[in-house]
Amino acid sequence: MTPSIPLSAQLINLFAAVILLLAFAMLAQRRMHSLVNLFALQGLALCLATLVAAVTTGQVHLYFSAGLTLLLKVVALPWILYRLVRQLNIKGDVEALINIPTTMLVGIGLVMVAFNVALPISELSHTITRGTLGIALAVIMLAFLMMITRQKAISQVVGFLSMENGLFLAATSATYGMPMVVELGIALDVLVGMIILGVFFFQIRDQFDSLDIRHMEKLKDS
Amino acid sequence: MPGLLSLDLLLVAAAAWLALGLIGLFASRNQALVSQVLFPAGALVGLLVGVTGIAALGGDPQTAVLVIGLPDLPFHLRLDNLSAIFAILLGLTSAGISVYSAGYFGKGDVAGLGTLCLEYHVFLASMLMVLLADDAYAFMVAWECMALSSFFLVTTDHKHEEIRDAGFLYLLIAHIGAIGILLCFGVMTGGAGDYSFAAMRTQELAPFWTSAAFLLALAGFGAKAGLVPLHVWLPEAHPAAPSPVSAMMSGVMLKTAIYGLLRVSFDLLHTTVWWWGVVALVVGLVTALFGVLYATVQNDMKRLLAYSSIENIGLIAVAIGLTLIFHAYGMDALAALAMTAVLYHCLAHAGFKSLLFLCTGSVLHATKERNLGKLGGLIHPMPWVAWLALAGIIAGAGLPPLSGFVSEWLLLQGFLFSPGLPHPWLNMVVPVAAALVVLVAALAGFAMVKFYGIIFLGQMRDPALKDAHDAGPWEKVGLVWLALITLLLGVLPSTVILRLDAATRQLLGAGLSDTLNEQGWWMLAPISAERASYEPLIVLVTIAVVLLLARWLVRTLFHGRVRRSSPWDCGYHFEGPRAQDTAEGFSQPIRRIFEPVFRMQRHFPAARDKQPFYSVKVEDHFWYWCYLPIARLANRISAMIVTLQGGRIAVYLMYSFITLLVLLMVARP
Numbered sequence: 067m068t069p070s071i072p073l074s075a076q077l078i079n080l081f082a083a084v085i086l087l088l089a090f091a092m093l094a095q096r097r098m099h100s101l102v103n104l105f106a107l108q109g110l111a112l113c114l115a116t117l118v119a120a121v122t123t124g125q126v127h128l129y130f131s132a133g134l135t136l137l138l139k140v141v142a143l144p145w146i147l148y149r150l151v152r153q154l155n156i157k158g159d160v161e162a163l164i165n166i167p168t169t170m171l172v173g174i175g176l177v178m179v180a181f182n183v184a185l186p187i188s189e190l191s192h193t194i195t196r197g198t199l200g201i202a203l204a205v206i207m208l209a210f211l212m213m214i215t216r217q218k219a220i221s222q223v224v225g226f227l228s229m230e231n232g233l234f235l236a237a238t239s240a241t242y243g244m245p246m247v248v249e250l251g252i253a254l255d256v257l258v259g260m261i262i263l264g265v266f267f268f269q270i271r272d273q274f275d276s277l278d279i280r281h282m283e284k285l286k287d288s
Numbered sequence: 096m097p098g099l100l101s102l103d104l105l106l107v108a109a110a111a112w113l114a115l116g117l118i119g120l121f122a123s124r125n126q127a128l129v130s131q132v133l134f135p136a137g138a139l140v141g142l143l144v145g146v147t148g149i150a151a152l153g154g155d156p157q158t159a160v161l162v163i164g165l166p167d168l169p170f171h172l173r174l175d176n177l178s179a180i181f182a183i184l185l186g187l188t189s190a191g192i193s194v195y196s197a198g199y200f201g202k203g204d205v206a207g208l209g210t211l212c213l214e215y216h217v218f219l220a221s222m223l224m225v226l227l228a229d230d231a232y233a234f235m236v237a238w239e240c241m242a243l244s245s246f247f248l249v250t251t252d253h254k255h256e257e258i259r260d261a262g263f264l265y266l267l268i269a270h271i272g273a274i275g276i277l278l279c280f281g282v283m284t285g286g287a288g289d290y291s292f293a294a295m296r297t298q299e300l301a302p303f304w305t306s307a308a309f310l311l312a313l314a315g316f317g318a319k320a321g322l323v324p325l326h327v328w329l330p331e332a333h334p335a336a337p338s339p340v341s342a343m344m345s346g347v348m349l350k351t352a353i354y355g356l357l358r359v360s361f362d363l364l365h366t367t368v369w370w371w372g373v374v375a376l377v378v379g380l381v382t383a384l385f386g387v388l389y390a391t392v393q394n395d396m397k398r399l400l401a402y403s404s405i406e407n408i409g410l411i412a413v414a415i416g417l418t419l420i421f422h423a424y425g426m427d428a429l430a431a432l433a434m435t436a437v438l439y440h441c442l443a444h445a446g447f448k449s450l451l452f453l454c455t456g457s458v459l460h461a462t463k464e465r466n467l468g469k470l471g472g473l474i475h476p477m478p479w480v481a482w483l484a485l486a487g488i489i490a491g492a493g494l495p496p497l498s499g500f501v502s503e504w505l506l507l508q509g510f511l512f513s514p515g516l517p518h519p520w521l522n523m524v525v526p527v528a529a530a531l532v533v534l535v536a537a538l539a540g541f542a543m544v545k546f547y548g549i550i551f552l553g554q555m556r557d558p559a560l561k562d563a564h565d566a567g568p569w570e571k572v573g574l575v576w577l578a579l580i581t582l583l584l585g586v587l588p589s590t591v592i593l594r595l596d597a598a599t600r601q602l603l604g605a606g607l608s609d610t611l612n613e614q615g616w617w618m619l620a621p622i623s624a625e626r627a628s629y630e631p632l633i634v635l636v637t638i639a640v641v642l643l644l645a646r647w648l649v650r651t652l653f654h655g656r657v658r659r660s661s662p663w664d665c666g667y668h669f670e671g672p673r674a675q676d677t678a679e680g681f682s683q684p685i686r687r688i689f690e691p692v693f694r695m696q697r698h699f700p701a702a703r704d705k706q707p708f709y710s711v712k713v714e715d716h717f718w719y720w721c722y723l724p725i726a727r728l729a730n731r732i733s734a735m736i737v738t739l740q741g742g743r744i745a746v747y748l749m750y751s752f753i754t755l756l757v758l759l760m761v762a763r764p
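For the record, the sequence lines run as chains A and B.
The working numbering runs 66 ahead of the 1-based position in the first sequence.
The working numbering runs 95 ahead of the 1-based position in the second sequence.
There may be inaccurate statements among the hints.
What the hints assert, rightly or not - Have a look at the derived ranges for each label pair, beta carbon to beta carbon: (1) His281/A - Ala287/B: 35 to 41 Å; (2) Cys721/B - Val258/A: 27 to 33 Å; (3) Ile271/B - Val258/A: 33 to 39 Å; (4) Ala142/A - Ala762/B: 33 to 39 Å; (5) Ala287/B - Ser276/A: 56 to 62 Å.
No lab work stands behind these hints: they were computed from the structure.
Ideal placement from N, C-alpha and C gives every residue a C-beta, glycine not left out.
The following block holds chain A by itself, in its conformation from the complex (with noise of 0.2 Å):
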């Protein structure tokens, strides 16, 4: 890195680096357990990339958005996803459709894809925190494989939650993050999207005794 980068945009990128290797090790973690924790970490790393921002630029309504990431992203889901994989039960492994180490081949790739998308629209963008769109990107298309590559539904709703990780991260790098409005209400949604789908998990458990996404086939109308 060339020295003429202010210490908060360097922090920024090592904030956002940091939300991309966690993205990785979800996509690799068979456990439960701990791909929530590793889901809450990577909002842990959000919520401070945010907070850089806020500090950096001395945008009042950042402060919110790093708290609210705080507290829904680091607090609130993590907690209902806890209580979800201890009474539906599910600590056990999460068998993958491809091998891991496929996936992680194939995420790579994705990671490569998403720079070289990101690069012309990044010098579009005047803010602190553009490098990290291509970041950010690469998040998004990880939390989308790893929905692909999953048979249980849990790990697909978080690997839906880290996508939604990285459209803030997208979000913010560009252009400071969206209106407090829209912000608040993508919030709202996640939580109460996260509610319906924690009755789901019962109503697919009670239906089909698995939470394997493979029973929803026979739903098929043919």
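Place chain B on chain A using the hints.
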């Protein structure tokens, strides 16, 4: 009334209808309250709407802006002469139907009376809002409310599969129509983004877009009105719905579509092209001919009336076409004549068709039978219904002195002046259309005679019909009210036309009042008394005198001995009621003459059959020509697409993922 505008009164009426519906929903356990209080109260509100409409005729347009709606997009409302006329139609017709409903739904065999009450009154209120709307947004909201509430009314008896199917078909075609209307409004804004009707009135469009808007409106409103080939929902939905609902849909709802067509083609599009009129004329003629031919061969009394409604809508479209042609050539007096025929036929049809539908409701209640082949002779147990139905029949057949004759006579008068058109080709074609209109009128008479004769005259085809009971008091009031409307429209045409004049003047800048004012109220001579005139009262008096005189002559001068024998047995009194002319037999000549028009499946008994039977099933060609090919195509495409739907969430996610990746790659800045 300076303080309270008519428009405010109408809004209060709409709110009152909604309130009645809500009370009905919450008080649904109290059946007596819903049927004996709420429906009559709804009728009073209808009366208020009618009277307010009459009071508003001839006045300046009144406008208002409602605060409800989306932010920055409030509802604009406007009451002018055209909406006032249709508000009168809605108010007065619905008053009769609501009173009748108080008796019809009060008999305790309707499940969910509370929701029915809500849907019914929402239906009424939304029709009123359609008439008052002054921007496309308010119009479409009201229009969709009307479609949805009527869909739920049609499927009141949703436990039967064919009723659900009929409801689905209705909803489907209603939405196809709504798309047409929406696109029409979109074209008329001209890309300016202002969806108020006031802006559309001043919008200058290129000729291509004006014509596109007209054709879209014709298709969109035609779907609701039942113009061929979008008519197929009508004969399915009307028999499925409870009779008062059929009456409301046929009598009033179809007219809101006519209102919309008039509003768009004469008010919002301020130019007229002659070939629009030809299109409307041809579509209307096909519709009328098709409707009346199918009406004659129906054996289900409500289907018969539904096809007859298609025919009447066709005649109205013919009149609209004629108005457009005259208007395009600047022959405003004749355009006003044809326009008067349009409005008059709307009023007349609303009166007599809802009367007839309500009569079928009473027959259905009394006999539980819709098949004409099992009815007969009902004039004896049900004299009230039979005599009041006769009024509707005479009007429906277009006979003097009742309402149907006046409008058809006006329409034909308009045709008689068409040789004056400055276009050689139209000059020759339009009289042919007139001839077809006359054929339609004659066949309509045939269908009506069949309807009345098979149901009410002759002998009872089933001995159980003896126990049929006549209409109850509420029902009688409703029927008498509608029969009275039919009679008054028949005998006081000049008085009514002078009221309609305000609307024709607003739309065309000309009216019939100048010629009519010089004549007395008893006479109708739209262009000049030398040319053609009609004195309905004289006809009425003549008919009455001849009837009484004949009766008196037979009773006193003739031998006076009255001998009763079974009717319709052709002299063979030992044959029994099954030997009477049947519904199928009655229409056999029509089926023969117009054989290519029908798609028939017939079974004839062979000479040596042990158990001979005859059956005939008449189907609609349009099903096979238009609808089934589309349905098959949709099925085939769906079958191809279904292979994409593997049922695995991972695969679905993969689709989204790949789409995202491709878009990211392709759509680079």
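Unmet hints by their number, sorted upward, for this structure: Checked against the structure, the hints that fail are numbers 1 and 2, while the rest are satisfied.
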